[in-house]
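**Q** So the chains spell out like this:
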Amino acid sequence: MNENLFSSFITPTMMGLPIVILIIMFPTLLFPIPTRLINNRLVSAQQWLAQLILKQMMMMHSPKGRTWALMLISLIMFIGSTNLLGLLPHSFTPTTQLSMNLGMAIPLWAGAVITGFRYKTKASLAHFLPQGTPVPLIPMLVIIETISLFIQPMALAVRLTANITAGHLLMHLIGSAALALISISPTTALITFIILILLTILEFAVALIQAYVFTLLVSLYLHDNT
Amino acid sequence: MPQLDTSTWLVTIIAMILTLFILIQLKFHKYSYPLSPAPKTFKSTSFPTPWETKWTKFYSPLLLPQQ
Numbered sequence: 001m002n003e004n005l006f007s008s009f010i011t012p013t014m015m016g017l018p019i020v021i022l023i024i025m026f027p028t029l030l031f032p033i034p035t036r037l038i039n040n041r042l043v044s045a046q047q048w049l050a051q052l053i054l055k056q057m058m059m060m061h062s063p064k065g066r067t068w069a070l071m072l073i074s075l076i077m078f079i080g081s082t083n084l085l086g087l088l089p090h091s092f093t094p095t096t097q098l099s100m101n102l103g104m105a106i107p108l109w110a111g112a113v114i115t116g117f118r119y120k121t122k123a124s125l126a127h128f129l130p131q132g133t134p135v136p137l138i139p140m141l142v143i144i145e146t147i148s149l150f151i152q153p154m155a156l157a158v159r160l161t162a163n164i165t166a167g168h169l170l171m172h173l174i175g176s177a178a179l180a181l182i183s184i185s186p187t188t189a190l191i192t193f194i195i196l197i198l199l200t201i202l203e204f205a206v207a208l209i210q211a212y213v214f215t216l217l218v219s220l221y222l223h224d225n226t
Numbered sequence: 001m002p003q004l005d006t007s008t009w010l011v012t013i014i015a016m017i018l019t020l021f022i023l024i025q026l027k028f029h030k031y032s033y034p035l036s037p038a039p040k041t042f043k044s045t046s047f048p049t050p051w052e053t054k055w056t057k058f059y060s061p062l063l064l065p066q067q
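Here the protein sequences come in this chain order: A and B.
34 is the number that this note's numbering gives to position 34 of the first sequence; each next residue is one higher, with no gaps.
63 is the number that this note's numbering gives to position 63 of the second sequence; each next residue is one higher, with no gaps.
Don't read these hints as lab results, they were simulated from the structure.
Accuracy of the hints is not assured; some may be wrong.
[As the list claims (entries may be wrong)] Below are the BS3-like pairs computed for lysine-lysine, each with C-alpha atoms no more than 25 angstroms apart in a straight line: (1) B:Lys27 to A:Lys64; (2) A:Lys64 to A:Lys120; (3) B:Lys30 to A:Lys55; (4) A:Lys64 to B:Lys30; (5) A:Lys55 to B:Lys43; (6) A:Lys64 to A:Lys122; (7) A:Lys55 to B:Lys40.
[As the list claims (entries may be wrong)] Residues from chain A shown here face chain B by an in silico Cβ test under 10 angstroms; the list is partial: (8) Ser7; (9) Ile10; (10) Thr13; (11) Met15; (12) Phe26; (13) Thr28; (14) Pro32; (15) Asn40; (16) Leu42; (17) Ala50; (18) Leu75; (19) Met77; (20) Phe78; (21) Thr200.
A virtual CB, placed ideally from N, CA and C, is assigned to each residue, including glycine.
My request is simple: use the sequences and hints to build the entire structure.
**A** Structure representation (C-alpha cells):
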C-alpha cells in the first residue's frame, strides 16, 4: 500500500537514464518565442498574461527591485505551468520533489538577502530588532528574528512540496476509493466521484495559487531588501 | 517517502537550474509589451527657415519695377 501510494513521486528514470531532465524542461516548449510584431493567438495571449502579472507584481518595487522582473515572471510561469501539467493523469510533477523546491527557494532568498546586506546594510540589520522592544528582551528577540529569517527558504520549499504532494495523494486515494466502491455500492461511489471532481477543481486552484504565493513571497523578501 | 531519496537530488536540481534560469528566461526575455495605440499629438518637428520667420515681400516677376 505504501509502495503503491508514493510510486508517482519517485523521480522517473528509464533504464538508468534520468528522463526527469526532459520532464522538467517540457513546460518551456509551451511558451513560444514571439518573432513578429503581431503574433499568433497563443503568443499574444501569453504576452498579455505576462504583462498583467508583471504590472501587478512590480508596482510595489523600487527601480532596483524591478531588475528582478524577468526572474519573477519566469518563476511564476514555470511553477504555474509545472503544477498544471502535473494534474494530468499518470504524469510526474517536478514540484513535488523537495530537491527542486529547495533549489529554487534557497538561491532566490539568498540573493534577496545578500542584495539587502550589500546595499542597505544598516536597514537589513535593523530587521533583526523590531521597534520598541523592551531592553531586557533584546537578546532573545534577535535570536528569534534570526531563526525566522533562516526559516524563510525552508518554509518556501516545504510549503510548495507539501501542498502539491498532499493534493496529488488525496486525488489518488479518493480515486481508488471511488473505483473500489463501484462494485460494493454505486451510490457511495457516485458521491465519492463527486468529491473527486470537487477536489480536482480545488487542485487547479491550488496549482495556480501556490505559484503565486511562492513568487509573491520572493517578491516580498526582495522588497524588504532593496 | 521517495522525495527524501537524495540519490536523485543532484540531477533534479541541475535540471531545474538549467530550465528555470536559462531556458524559461530565454523565452520570456523576448516578450514585448507595447503601449496601447493612442493618438499622437501632431507637433511639428520642422522649424521655419530664418527668412521665413519674418514676413517679407515676395518677389513675383510682375511686381518688379518694370523695365
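**Q** Does each hint hold? Answer for all of them.
**A** Hints and how they fare:
Among the hinted pairs, Lys27 of chain B with Lys64 of chain A is consistent with the structure: their alpha-carbon atoms are about 23 angstroms apart, no more than 25 angstroms. Restraint check: the Cα-Cα separation between Lys64 of chain A and Lys120 of chain A comes to about 12 angstroms, which is no more than 25 angstroms; the hinted pair holds. Between Lys30 of chain B and Lys55 of chain A the alpha-carbon distance is near 17 angstroms, which keeps this suggested pair within the 25 angstroms criterion. Using a Cα cut-off of 25 angstroms, the hinted pair Lys64 of chain A and Lys30 of chain B holds, with the two alpha carbons roughly 21 angstroms apart.
Pair hint Lys55 of chain A plus Lys43 of chain B does not hold up; C-alpha atoms about 30 angstroms apart against a cutoff of 25 angstroms. For the suggested pair Lys64 of chain A and Lys122 of chain A, the alpha carbons sit about 17 angstroms apart, so the restraint of at most 25 angstroms is met. Annotation: proposed proximity of Lys55 of chain A to Lys40 of chain B holds, straight-line Cα distance about 24 angstroms (limit 25 angstroms). This hint holds: Ser7 of chain A has a C-beta 8 angstroms from the nearest C-beta of chain B, less than the 10 angstroms allowed.
The interface hint given for Ile10 of chain A holds, since its Cβ lies 4 angstroms from the closest Cβ of chain B, which is under the 10 angstroms cut-off. A hinted interface residue such as Thr13 of chain A counts as satisfied when its beta carbon comes closer than 10 angstroms to some beta carbon of chain B; here the least separation is about 8 angstroms, so the hint holds. Contact between Met15 of chain A and chain B, as hinted, is not supported at the beta carbon level, the nearest pair being about 15 angstroms apart and thus beyond 10 angstroms. Residue-level restraint check for Phe26 of chain A holds (minimum Cβ-Cβ distance to chain B is 9 angstroms; threshold 10 angstroms).
Because the closest C-beta pair between Thr28 of chain A and chain B is about 4 angstroms apart, less than 10 angstroms, the hint holds. Because the beta carbon of Pro32 of chain A sits about 8 angstroms from the nearest beta carbon in chain B, less than 10 angstroms, this interface hint is met. The closest approach between the C-beta of Asn40 of chain A and any C-beta of chain B is roughly 14 angstroms, which is over the 10 angstroms cut-off, so the hint fails. The interface hint given for Leu42 of chain A is broken, as the beta carbon of that residue sits about 12 angstroms from the closest beta carbon of chain B, more than 10 angstroms.
For Ala50 of chain A, the interface hint holds, since its Cβ comes within 10 angstroms of a Cβ in chain B; the closest pair sits about 5 angstroms apart. Checking Leu75 of chain A against chain B by beta carbon gives a least distance of about 7 angstroms; that is within 10 angstroms, so the hint holds. For the restraint placing Met77 of chain A at the interface with chain B, the shortest Cβ-Cβ distance is roughly 7 angstroms, inside the 10 angstroms limit, so the hint holds. With 10 angstroms as the threshold, the beta carbon of Phe78 of chain A comes within range of chain B, its nearest partner Cβ sitting at about 5 angstroms, so the hint holds.
Because the smallest distance between the Cβ of Thr200 of chain A and any Cβ of chain B comes to about 22 angstroms, over 10 angstroms, the interface hint for this residue is violated.
The earlier numbered hints that this structure contradicts are 5, 11, 15, 16, 21.
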